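*Asks:* We have chain A; now place chain B onto it with these hints.
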Amino acid sequence: ILNVEQSPQSLHVQEGDSTNFTCSFPSSNFYALHWYRWETAKSPEALFVMTLNGDEKKKGRISATLNTKEGYSYLYIKGSQPEDSATYLCAFARGGSQGNLIFGKGTKLSVKP
Amino acid sequence: ETGVTQTPRHLVMGMTNKKSLKCEQHLGHNAMYWYKQSAKKPLELMFVYSLEERVENNSVPSRFSPECPNSSHLFLHLHTLQPEDSALYLCASSRDRGPRSYNEQFFGPGTRLTVL
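Going line by line, the protein sequences match chains A and B. Residue numbering for the first sequence follows this note's numbering, starting at 227 and increasing by one per position. Residue numbering for the second sequence follows this note's numbering, starting at 33 and increasing by one per position.
With the rest of the complex left out, here is chain A:
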């Protein structure tokens, strides 16, 4: 059974705080790691697709790192804003799966003004 674990399950921060959360995935037969942002009542939106060990990606105040050898990825948000409140999903694709994604349960972030 392939599991993707995300921690913490939920997180409450104040506006301006920086925060990070973790995605753990199987380290063998790695193909790609995706991060999605999912606001309530909206569609999940792709943030990053990461494929190489040591990859670092950045979009505005959000960045992500990838360690395929140990099977984890971190998502960082610098200077959180209320509009960052959402559930952040990671999804793992293993080799030979034709890119099918296995999702974690997500980290729900709430940013208080």
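It is possible that some hints are incorrect.
A short list of chain A residues far from chain B (calculated; beta carbon distances all over 10 Å) [claimed, not checked]:
(1) VAL239
(2) THR245
(3) SER254
(4) THR277
(5) GLY280
(6) LYS285
(7) GLU296
(8) LYS304
(9) PRO308
(10) GLU309
(11) ASP310
(12) ALA317
(13) LYS331
Here are some of the chain A residues that sit facing chain B, going by a computed Cβ distance under 8 Å [as the list claims (entries may be wrong)]:
(14) LEU228
(15) SER269
(16) GLY305
(17) ASN326
Everything labelled a hint here was simulated from the structure, so no lab data went into it. Bear in mind the structure is a predicted one, so any value in this text is a computation, not a measurement. Glycine included, every Cβ here is placed at the ideal spot set by N, Cα and C.
*Replies:* Leaving out everything else, chain B in the frame of chain A:
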């Protein structure tokens, strides 16, 4: 209209009803997906279509029947569902799939299904 749309957004049905969920993508993608999200569970892949052909059925009960009449439309036909099938059903599309595709997926907003 752009992106991936789903209708209806909410659906309540009895166990003997027949209903259909509709998904439409305006992105020119070749692959489409149905996912299920039950309470406190991760998104679970149900079906995958590539170039209008079903290529994955993730052990989904036959009371769920997908249909892909063309590359822009995907349906999920529902028949004799159980209360435990109540969930959020999400549709997604990607440009393609396969060993060289990193497969970024674009999601619709989902249909919230309640089975009474």
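*Asks:* Does each hint hold? Answer for all of them.
*Replies:* Results for each hint:
no.: 1; hint: VAL239; in the structure: holds, 22 Å
no.: 2; hint: THR245; in the structure: holds, 21 Å
no.: 3; hint: SER254; in the structure: holds, 17 Å
no.: 4; hint: THR277; in the structure: violated, 6 Å
no.: 5; hint: GLY280; in the structure: holds, 17 Å
no.: 6; hint: LYS285; in the structure: holds, 13 Å
no.: 7; hint: GLU296; in the structure: holds, 21 Å
no.: 8; hint: LYS304; in the structure: holds, 24 Å
no.: 9; hint: PRO308; in the structure: holds, 21 Å
no.: 10; hint: GLU309; in the structure: holds, 18 Å
no.: 11; hint: ASP310; in the structure: holds, 19 Å
no.: 12; hint: ALA317; in the structure: violated, 8 Å
no.: 13; hint: LYS331; in the structure: violated, 5 Å
no.: 14; hint: LEU228; in the structure: violated, 11 Å
no.: 15; hint: SER269; in the structure: holds, 4 Å
no.: 16; hint: GLY305; in the structure: violated, 26 Å
no.: 17; hint: ASN326; in the structure: holds, 6 Å
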